Amino acid sequence: MYVNATLVAQLVVFFILAWFTMKFVWPPIVKALDERATKIAEGLAAAERGKQSLELASKRSAETVREGKEKVVELLVQAEKQSQQIIEEAKAQARIEADKVIAGAKAEIEQEAARAREALRERVADLAIAGAEKILRREVDAKAHADLLAQIKQDL
Amino acid sequence: MATTGHEAAAHVPSAGDYIVHHLGHLNTTGHPQASVVDFSVINLDTLFFSVAMGVIGLLLMWVVARRVTSGVPGRAQAAVEILLEMVAGQARSIIHSEESRKFVAPLALTVFVWVFLMNSMDFLPVDLLPMLWQGATGNEHAYLRVVPTADLNGTLGMSIGVLLLCFWYNIKIKGMGGWVHELFTAPFGNHPALYLPNFLMQMIEFLAKTVSHGMRLFGNMYAGELLFMLIALMGMGFSSMSGVGGSLMWAGHVVAGTFWALFHILIVVLQAFIFMMLTLVYIGQAHEGH
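These protein sequence lines are chains A and B, in that order.
Per this note's numbering, the first sequence starts with residue 88, numbered consecutively.
Per this note's numbering, the second sequence starts with residue 91, numbered consecutively.
Read the hints as simulated data drawn from the structure, not as lab findings.
All of these numbers come straight from a predicted model, not from anything done at the bench.
Backbone N, C-alpha and C define an ideal beta-carbon position, used for all residues, glycine too.
Each hint should be verified, as a subset may be incorrect.
In silico DSS-like pairs for lysine-lysine, Cα to Cα no more than 30 Å straight-line [to be verified]:
1. A:187 x A:168
2. A:118 x B:262
3. A:126 x A:138
4. A:110 x B:299
5. A:110 x B:262
6. A:110 x B:264
7. B:264 x B:192
8. A:110 x B:192
9. A:168 x A:156
10. A:126 x A:193
11. A:158 x A:168
12. A:156 x A:138
13. A:126 x B:192
14. B:192 x A:118
The following residues of chain B were derived to be distant from chain A, with all beta-carbon distances above 10 Å [to be verified]:
15. 133
16. 165
17. 178
18. 196
19. 275
20. 297
21. 334
Could you build all of it, start to finish, from the sequences and the hints given here?
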């Protein structure tokens, strides 16, 4: 327990060491610690943002899928309708076509019948004239009685 | 432990001689100081080892601070960061002035590391460095004490440093007038009759703080060192005694030495921490008005 000038020397050393720490040791380490804290905070915030945007994106993609499904259903319905319509149209067309064909056939039959009837009538007229000739035993003057003959033909 | 068999045969030092010799400082006079207070003497050993410990401690931290990264820290950096965070946390909770902390927190870190390393000199075998020194100088009576904190000059030097800082912050925070006013009006109250008791009380307070601050560390380390010497004496008894007594002495040295060294690890860290905490508390008190 002897006191001497070492005390003063120690006092000086004490302040020099403290000054050195304050100047060269403390600030860079504290700066690095603060920077790391900032980095971590930023990282956490970024992660949070990422999570949010992921949530948003998944919501949006679900929305898109839902919309796509709706559109597909709509398209299917529309296609169904359209095909139905096409079928209906085709049916109508076919009916018209068939009617047309039937009408043509009918007209042709009518014509044929008319022709046959005409031929028949002519034949009957000839037969009638021949009969009449036979009855009258004489030649009917075809030229003299042309009007009469035509009228008979018409009446048959 | 202290002496070789040959030396013991030549001249067996008494236990008292051994201890007295070990308590002598390597100083500028070459022989132990005669008067209790003598400011013409400097203890070279205390000065050398305290500066060496300070330089080693700060150099280690400085190397880390030079290569510090805010990315993933290495192990050395992590260790220094833990230490620094601990000190910074204590400083934050005790000293509320951000401006003062810029100096006081690094100061507290310095004090902790420095005192810890100086105390740690106690872990070296008590005779190792003195014997090496005696061998190096060729003087087998050369004095050397290796624990700077077991020298009252070392610890009082630091505690007086803290006292000066307390004065500085008292003036800085309260102004010269404010501080003088406080010296005469606190703690008993503002009344002319109380001016003198107040002032005396304040002086006693400063004196008690500073002396107890330095004495606490000194006392712990001095007692620790003394105990290591007493344990070493048991080993010395082994070399001078024969038979069962000598063997028991040897066993006692090993057992007591082991336990005291282990326990001393606690004291070394604890006293360094206490010294740092008191430094912060005293400087913190300088910031508070009565």
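### Query
Checking against the hints above, which ones are violated?
Hints 10, 15, 17, 18 are the ones this structure does not satisfy, whereas the remaining hints hold.
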